[in-house]
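Engineer: For this one, chain Y is given, so just place chain G on it according to the hints.
Protein sequence lines, in the order shown, are assigned to chains Y and G. Residues in the first sequence are numbered consecutively from 1, following this note's numbering. Residues in the second sequence are numbered consecutively from 1, following this note's numbering.
Rather than coming from a laboratory, the hints here were simulated on the basis of the structure. Remember, predicted model here, so these are calculated numbers, not experimental data. It cannot be assumed that every hint is accurate.
To be verified - Partner residues aside, some chain G positions facing chain Y, computed with beta carbon under 8 Å:
# : residue
1 : D58
2 : I398
3 : I400
Stated by the list, open to error - Think about it this way: if two alpha-carbon atoms lie no more than 20 Å apart in a straight line, the pair counts; the simulated SDA-like pairs of lysine to any residue are:
#  : chain 1 : residue 1 : chain 2 : residue 2
4  : G       : K84       : Y       : P175
5  : G       : K370      : G       : D247
6  : G       : K53       : Y       : A95
7  : Y       : K84       : G       : P175
8  : G       : K53       : Y       : H177
9  : Y       : K53       : G       : H177
10 : Y       : K84       : Y       : A95
11 : Y       : K84       : G       : S176
12 : G       : K53       : Y       : R399
Glycine is no exception: its CB is placed at the ideal position from the N, C-alpha and C atoms.
If you want the building blocks of each chain, they are given just below.
Protein chains: 2
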Amino acid sequence: MSSRLRGNLIVGQSGGATAVINASLVGAFEGALEEERFDGIYGMRYGIEGFLKEDLIDLRRQPAEVWPRLLHTPSAALGSCRYKLQADDLERAIAIFRRYNIRYLLYIGGNDSADTAHRLAQAAEHIGYDLYAIGVPKTIDNDLPFTDHCPGYGSAARFIAMATMDSAMNTIAIPSHYPVKVIETMGRDAGWLAAASALGKRNEVDPPHIILMPEYRFNPERYLERVEAVYRDIGYAIVVVSEAVLDEHGQPLGAIGQVGRDAFQHPLLSGAAQQLVELVQQHLKLRARFDKPGDLQRMASNCISRTDRDEAYLVGKMGIRALLDGETDKMVTLVRHTVPAYHCTTGLVGLAGIANAQRLMPDDYLDASKTMVTQAFYDYALPLIGDPLPEYARLENIRIER
Amino acid sequence: MSSRLRGNLIVGQSGGATAVINASLVGAFEGALEEERFDGIYGMRYGIEGFLKEDLIDLRRQPAEVWPRLLHTPSAALGSCRYKLQADDLERAIAIFRRYNIRYLLYIGGNDSADTAHRLAQAAEHIGYDLYAIGVPKTIDNDLPFTDHCPGYGSAARFIAMATMDSAMNTIAIPSHYPVKVIETMGRDAGWLAAASALGKRNEVDPPHIILMPEYRFNPERYLERVEAVYRDIGYAIVVVSEAVLDEHGQPLGAIGQVGRDAFQHPLLSGAAQQLVELVQQHLKLRARFDKPGDLQRMASNCISRTDRDEAYLVGKMGIRALLDGETDKMVTLVRHTVPAYHCTTGLVGLAGIANAQRLMPDDYLDASKTMVTQAFYDYALPLIGDPLPEYARLENIRIER
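Just chain Y, with the same shape it has in the complex (with noise of 0.2 Å):
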């Protein structure tokens, strides 16, 4: 095929937002800006479900101020979807690419988008419809293949690490109100966001003492000892628990609040912390509480993290340059670089093999215990947060005797 193609543009985002997600949008609009080759540069409103409801918007048109200003706003500004392609799908969305003369199609997101970006891809080909399409990637999870990490992860990491520090610091104050603290994250099968809670830990007796993570099965037997002993040492203990930890059976900790399943088959749950504090309580006898972030770990933008930013707008006008370059069925994806310092650099991976397949987080990355990461997390983790974690005054424990 050739990229010589004239036509059409259309971006769209899609899965769950993230606080950086409108830098990879701000990144491809400026990109394609810069090139002859697109007339038209349109937006899907709601990913691909708004697309086969032919609800398109000329980006061309914005203002030109909302530019600058979208990569400070969290959240995917095109709007999302969770919409996974049905069979009779595909052929609508190559009429409407057709009808509209869409030639490049840039989608942003995780798995599932790239799962939708595949077969459209795939659908052009069969049909015979010239069309580039190109992932970007996006996911608090962290958990798509071949990329060294995703976009949004670090700010989500940024946020997890500062909240279990700053929550802490009222447990610490004051560790005979509630010396048991539970703190719920995200991440649907893999435990990158539960661990990134320890990115402020310095050192043992630094927050958090604990992380569940979806890798591991939840022994609740193991769960109580290691939070009585914590307790019985330093006075109190915190936890961080990845929302979708499994029980001895392979059901959902939190399945207590299972409230069904997204269009995905992904079972949507709450209440794993919910489920902590109540053993704690129960079988230790030890006052305990939970904080639930929810939402705000993939908003919060007073998290976000520089260098999430700058990657984000990169791997979004690397998409660009992707589709110029004559590329389809492909995903942009960072590469790392420690030399002179940590840096990332862009590459291309077919999208068949990231869609629906996820990272996990590697062995090395976790003690024996696997309720603590090791320094390899730490080497690989913060260079992703950005600027670095703040240190908090103590004041020292000097004595006044009679």
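Structural biologist: Positioned in the frame of chain Y, the structure of chain G alone reads:
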């Protein structure tokens, strides 16, 4: 009484910590350092509870660099407590004051802490021990009477305003996924924190759409009607609920998760948001989910309001001034001025009137529905949260037609 008395000064922090309570400690320390009348400058570890165990530290001998850093460190660096003085504690406390020649007490806290300081001042007078005791206000709940507002509230209000804006951005991007979002705030008996969720709201469509405050009993029918109406109008609904809202029978909405009572016989709650989510799922058949930022709202160091921090510093420093002026059994208050622009000076009020009293949201800060704030509340609260809230960019709906 004379304030020419030489002796030692002790400072304590008490009750739930805030993001700026350490600024009051720094203000007190720096104020005290300038004065010759204080020999030792001591700190209580864990408030009066630690004091009764003679857990005292030397603040003069702390490294100098700790003080500026404490201005940016959330939580109570001295440690805090929620301990209600027992009758026989009073005599013991006075004996300890005497033993360490402590003549000046500055106690930073909320309603219950004012009660503690008041009873210590009274006991000292009764026993004939010369003690000057001043309370310094602190509470994210903003429910102390006689002061325009409470240090700690501005930062928590800023957090809740931003959390509501940010979390709602996710719902707005993908309303079909979870059209109803509930955000649970703290706030024991007063709706000040829940009300702050509206501070980023600029029009009817902006979140939040419904605020449930503890001043008004919860009516499930009215709640469901209102959620349904908002959902019909704009496609989603953002609800903010105070954790302490009571149902029609006077039971906490979240009593389902009730876990006992604290030392002051205040019920410890969890579950209001969970309850509201379940009601929506059951009766409206809409998907709903909740965020419960919990202790983050009192602790988030990246949401500190500069105004709040400056005022927390000021009340600490002015507490020392009051001690030197020979005042006792009083609390420092913030006095608002609006000419030429918003600023605060301080006043004093008797501790007896503060202890165990609460200031609820005034009627004119709520509209007729009692679920939304009025302009009067914006005028009151916006100056307290420091820098203006961000204005997020939105794409204009410039449609592409075939």
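Engineer: Measure nothing beyond the straight line between the CA atoms of K84/Y and S176/G; if it is 20 Å or shorter, mark the hint as holding.
Structural biologist: holds (13 Å)
Engineer: Answer holds if the nearest beta-carbon of chain Y is closer than 8 Å to that of I400/G; otherwise answer violated.
Structural biologist: holds (4 Å)
Engineer: With a cut-off of 8 Å, does the beta carbon of I398/G approach a beta carbon of chain Y closely enough for the hint to hold?
Structural biologist: Since chain Y brings a Cβ to about 5 Å from I398/G, closer than 8 Å, the hint holds.
Engineer: Given the hinted pair K53/G and R399/Y, is their Cα-Cα distance within 20 Å?
Structural biologist: Distance ~12 Å between K53/G and R399/Y Cα, so the pair holds.
Engineer: Does K84/Y pair with P175/G here, judged by a C-alpha cut-off of 20 Å?
Structural biologist: holds (16 Å)
Engineer: Does A95/Y lie within 20 Å of K84/Y when you go C-alpha to C-alpha?
Structural biologist: Within the cut-off at roughly 18 Å; holds.
Engineer: Restraint: D58/G near chain Y, CB-CB cut 8 Å. Satisfied or not?
Structural biologist: Holds - the Cβ of D58/G comes within 8 Å of chain Y, reaching about 5 Å at its closest.
Engineer: Given the hinted pair K84/G and P175/Y, is their Cα-Cα distance within 20 Å?
Structural biologist: holds (16 Å)
Engineer: Decide if the proposed pair is consistent with the structure: K53/G and A95/Y, CA atoms, cutoff 20 Å inclusive.
Structural biologist: Status violated; Cα separation ~79 Å.
Engineer: K53/G and H177/Y: Cα distance at most 20 Å?
Structural biologist: Judged against 20 Å, a Cα distance of about 17 Å means the pair holds.
Engineer: K370/G and D247/G were given as a pair; does the straight-line alpha-carbon distance stay at or below 20 Å?
Structural biologist: holds (15 Å)
Engineer: Within 20 Å, alpha carbon to alpha carbon, are K53/Y and H177/G?
Structural biologist: The given pair, whose Cα atoms are some 17 Å apart, holds under the 20 Å limit.
The structure is inconsistent with hint 6 alone, although it conforms to all the rest.
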